[in-house]
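Q: Take a look at the letters that make up each chain.
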Amino acid sequence: NAGVTQTPKFQVLKTGQSMTLQCAQDMNHEYMSWYRQDPGMGLRLIHYSVGAGITDQGEVPNGYNVSRSTTEDFPLRLLSAAPSQTSVYFCASSSTSGRANGYEQYFGPGTRLTVT
Amino acid sequence: GIQVEQSPPDLILQEGANSTLRCNFSDSVNNLQWFHQNPWGQLINLFYIPSGTKQNGRLSATTVATERYSLLYISSSQTTDSGVYFCAVELGSGNTGKLIFGQGTTLQVKP
Chain A
1 NAGVTQTPKF QVLKTGQSMT LQCAQDMNHE YMSWYRQDPG MGLRLIHYSV GAGITDQGEV
61 PNGYNVSRST TEDFPLRLLS AAPSQTSVYF CASSSTSGRA NGYEQYFGPG TRLTVT
Chain B
1 GIQVEQSPPD LILQEGANST LRCNFSDSVN NLQWFHQNPW GQLINLFYIP SGTKQNGRLS
61 ATTVATERYS LLYISSSQTT DSGVYFCAVE LGSGNTGKLI FGQGTTLQVK P
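As given, the protein sequences belong to chains A and B, one line each in that order.
Sequence positions in the first sequence follow the working numbering and run 1 to 116.
Sequence positions in the second sequence follow the working numbering and run 1 to 111.
Everything labelled a hint here was simulated from the structure, so no lab data went into it.
Heads up, the beta-carbon is just placed ideally off N, CA and C, and yes, glycines get one too.
Errors might be hidden in some of the hints.
Stated by the list, open to error - Pairwise CB distance ranges (calculated): (1) LYS54(B) <-> LYS9(A): 28 to 34 angstroms; (2) LYS14(A) <-> THR66(B): 48 to 54 angstroms; (3) PRO61(A) <-> ALA65(B): 27 to 33 angstroms.
Stated by the list, open to error - From chain B, some residues computed to sit far from chain A (all C-beta separations above 10 angstroms): (4) ASN45; (5) ARG68; (6) TYR69.
Kindly generate the complete structure, drawing on both the sequences and the hints.
A: Right under this line is the structure:
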């Protein structure tokens, strides 16, 4: 299994540009989430999904859109990039089945985004 | 909303020393996880531990849900233990992966 994959690893945008951060998982997990991490801070939840076709907002959803058309993919769209969106973005997935290790989350390697 | 506080914010150890990291949370939770973020930024799940005690090698964790805290123990620390340790919790009656993270404890282990 590749686990959770994210592309691109690095991205530089100009203010006002739009882009999509890709996230995919091959573990057949129902739950997927997007977080952002700013320097010296913990991770903050942007959007999450409990299954294909179902998404909801987290703590900091403004400026971002998501959709979940398949179990495997959960892209994050920046509609009009702003310098305040400069951050490292992490995608995560977890299972509903609560196996031996419970509902542990698996994280992708992150995308480092800079908006100038 | 729920508050998640970790202490200490920073910790410097000599290799071989033991340490205890603490996570306090302000409300009842049904999902508590500990993560290690290595110096390259990768987040690794260490424990899913909403209550009780678990051990994995040199690491162990205990959550006392009724008193709203969790502890992560690192014994015989190694330089590879360096990085940031996060605890994260979820409110509510289900487990949806909707985690609220603490600010983290930055650990540096010196050789």
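Q: Which of the listed hints are broken here?
A: 4
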